[in-house]
Structure formats: C-alpha cells, structure tokens
Amino acid sequence: MQREVQLRIPWSPIQLPHRKPKLWRLIRRLVGLQEDPDAEILSGMIISLRHASEAALGQGLRNTVAITAPWMRLWQDDCPGDSTVNEALRIAGLKPAPLGIMHPIYISETNAVLAANGRRICQDRWCYGAEASHEDPYTDDVVYLISFTYHSIYTSFQFASCFFHDSCDNKMGLIDPKLGFDRRDNAKNGAAFWHSLRQYLVKRVIEYSKHGRDIPPTSYMVVLAGEAAESAEFFNVVGEAIGDIKKLATKSKPTPKIELVLSNHPVYAAARGAAFWMRTSLDPAYCDDYIEEVEREEGPRSEKHEASDHGHGEL
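In this note's numbering, the protein residues as written are 1 to 315.
These are calculated hints, taken from the structure and not from any lab test.
We put the CB at the ideal spot given by N, CA and C, even for glycine.
Among these hints, one or two may not hold up.
[Said to hold, decoys possible] Heads up, simulated DSS-like pairs for lysine-lysine below, C-alpha to C-alpha not over 30 Å straight-line:
1. Lys178 - Lys210
2. Lys247 - Lys210
3. Lys246 - Lys203
4. Lys257 - Lys247
5. Lys188 - Lys178
6. Lys188 - Lys203
7. Lys246 - Lys210
8. Lys246 - Lys178
9. Lys247 - Lys203
10. Lys247 - Lys178
11. Lys246 - Lys257
12. Lys188 - Lys247
13. Lys178 - Lys203
14. Lys247 - Lys171
15. Lys203 - Lys171
16. Lys257 - Lys171
17. Lys257 - Lys210
[Unchecked claim] Pair by pair, the computed Cβ-Cβ distance ranges are:
18. Ala191 - Arg62: 45 to 51 Å
19. Lys247 - Lys95: 46 to 52 Å
20. Met45 - Lys178: 18 to 24 Å
Generate coordinates for the entire structure from the input sequences, incorporating the hints supplied.
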C-alpha cells in the first residue's frame, strides 16, 4: 500500500494499461492463476480486519461492506465490475455495497474522517457545481490529513469538498514507516523522534505549497486520525508544527488560517465515516431534518452552516 499510494498514473484517453478487464480476471480465475496481486494483498488485510471485528462484535459481519483507505491514484479509473477493491472483498468472502454508478468505489480516508467529524455532509442537494449552489463546493480550504498509527504516518492534501465526492484531487499521499509511533523506542531518545516528526510535518506542507500551485493555500484544515493520534506527545508536536507553518508566511504568502480537527475517537474515525457514507448512500433522506431547519432559518437552497463540529479548534 505504501508503494501504491505514491504511484502516479499518467492520464490516457484509452483504458489504462494496468487495467485488467473483467473478462481477463475471469479467465485467470478459471485457469487457477493469481488474478490481481494487489487484490490478494488487500484481501489479507480485509480478512484480518473482518476477524477482529467479528471477535469484537461477537457475531459475523453482514455480507455487504464499505471500504475506506488512503486515496490510491492507481485505482482512480476502476469501475465497480473491474475494481481492485471489490475483487479483494470477493476474495475475502464479502460483497461490496451496491452503490450507484456516480459514487466512488471506496471512500478515501480523508473524506471518511471528515464525515466522522460532521464536516462536508448534508450537501448532496447542492454539491454539483456553483450553478446549483449559493456556494462553490470547492473552497480555499485544503485538508491536510495526518493519520498517525503505531507502524507509520500517512499524510495527504486535498481540497475540502463534499465528503461523498471522489478524492481525485488528493495530492502527495505518502506513507512513511520510519515515523510510526512504535519507532520512538528505536530512536536515540524520545525527544529526537518527536523533533523529527515535527520537522516532517512542516516539510510536507512546504512541499505541497510548491507542488504546481501558483497561489499558496490560504486556509488549512489539519485533520488528525489513527490509533496513535491520541498520544499527548503527538498532539503537542502537531501544535508546534502548526506554529512553524505559520512562521513560513512572507509578504507574498500571507499567514494561512489553520484549523485543527481532532476526532473524538481517532482510531475509529475512518471506520465511522465509512459506515456513515454507506448509510447515507442507501438512504438519501439522512439530512432532511437538517435541510428543513436551514430553510426555516435562511430560506431554501442555502447551506451556510456546517454540520456539528466535533472536537475541533483553531490554533
């Protein structure tokens, strides 16, 4: 997964060469050959998660599930009938959710965590372009996801948009196994590890600001997730990194507004967002009450307020 997150696929007007059409998958399956190495690897991860979930719940999972994962540009052009994610689910003995053709095959970790925190939701009536909305759905906010686990740190950048949209603008996704929480024990001292992590978080922003952008971002939403994100040391380091980022401002690059979004339960945030995504996809009436309330207060076809803000603050 570390390799696939970083892989860049050039655009092509024809089917990309790495695609394995559904018929080709079927032929390989019938003759007993490995169908998709990436799907085989992913299925192993899904099976482990399935067993852990069933043990925690005390019962088997339903056959239909939704997937959240770091955004993979390699999978960008997958379709439901020819998808690495759906193939992995099949190998794991599960079925993908029967979502519409306009829905992504899986929800990116960034969007899942946003949804878990009540961000960018209840906008499916207005999220199809500025002509259908009082607001442009793509704002100046750049979501800087920092997913900190015991084994690695995953960072990526994308514009803040409706959580159920495709994350095709997700940029510079990177998984670094050298900075997982468990690696602090291998450092010469704990302070050195946290200092390296602080420098890394700032460096990623510098790299993004130079990555084909004529105008630097004016507003960041720093979103924290992962089982190690509840560490007090990590939270302090993120705060220090945000301070360092603000100090990078110059006359041509004013100090960006930076908002910190910390999930109530970082380890489960992405999973909660994926579950919410599936529920809203199957039941489009999920935010009728919210829309009715907004229309009473501000008139129809307007959404000036975000959904509930869970565990966030501005630094």
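Evaluated hints:
1. The hinted pair formed by lysine 178 and lysine 210 meets the criterion: a straight-line CA distance of about 24 Å does not exceed 30 Å.
2. Proximity of lysine 247 to lysine 210 is assessed by CA-CA distance (about 16 Å); at most 30 Å being required, the pair is judged to hold.
3. Taking the CA atoms of lysine 246 and lysine 203, the gap is near 13 Å; set against the 30 Å cutoff, the hint holds.
4. Between lysine 257 and lysine 247, the direct Cα distance comes to roughly 12 Å. Compliance with the 30 Å bound is thereby established for this hinted pair.
5. Taken as a hint, the lysine 188 and lysine 178 pair is honoured in the structure, with Cα atoms around 14 Å apart against an allowance of 30 Å.
6. With a CA separation close to 22 Å, the supplied pair lysine 188 and lysine 203 stays within the 30 Å bound.
7. In summary, the hint linking lysine 246 to lysine 210 is supported, as the alpha carbons are separated by about 16 Å, within the 30 Å threshold.
8. A hinted pair counts as satisfied when its Cα atoms are at most 30 Å apart, and lysine 246 with lysine 178 qualifies at roughly 26 Å.
9. Of the pairs offered as hints, the one joining lysine 247 and lysine 203 holds, with about 13 Å between alpha carbons and a cut-off of 30 Å not exceeded.
10. With a C-alpha separation of about 26 Å, the suggested pair lysine 247 and lysine 178 falls inside the 30 Å cut-off, and the hint holds.
11. About 8 Å separates the Cα atoms of lysine 246 and lysine 257, which keeps this hinted pair within 30 Å; it holds.
12. Taking the CA atoms of lysine 188 and lysine 247, the gap is about 29 Å. The hint holds against a cut of 30 Å.
13. Between lysine 178 and lysine 203 the CA atoms are separated by roughly 15 Å; this keeps the pair inside 30 Å, and the hint holds.
14. Of the supplied pair hints, the one linking lysine 247 and lysine 171 holds, its CA atoms being roughly 23 Å apart against a limit of 30 Å.
15. Between lysine 203 and lysine 171 the CA atoms are separated by roughly 15 Å; this keeps the pair inside 30 Å, and the hint holds.
16. Note on lysine 257 and lysine 171: the hinted pairing holds, with a Cα-Cα distance of about 20 Å set against a maximum of 30 Å.
17. Taking the CA atoms of lysine 257 and lysine 210, the gap is near 18 Å; set against the 30 Å cutoff, the hint holds.
18. Restraint check, alanine 191 to arginine 62: a C-beta distance of roughly 47 Å satisfies the suggested window 45 to 51 Å.
19. One distance hint, 46 to 52 Å for the beta-carbon pair lysine 247 and lysine 95, holds here, with the actual separation near 50 Å.
20. For methionine 45 and lysine 178, the hinted distance range of 18 to 24 Å is satisfied, since their beta carbons lie about 21 Å from each other.
Figure legend: structure checked against the earlier numbered hints; every hint is met.
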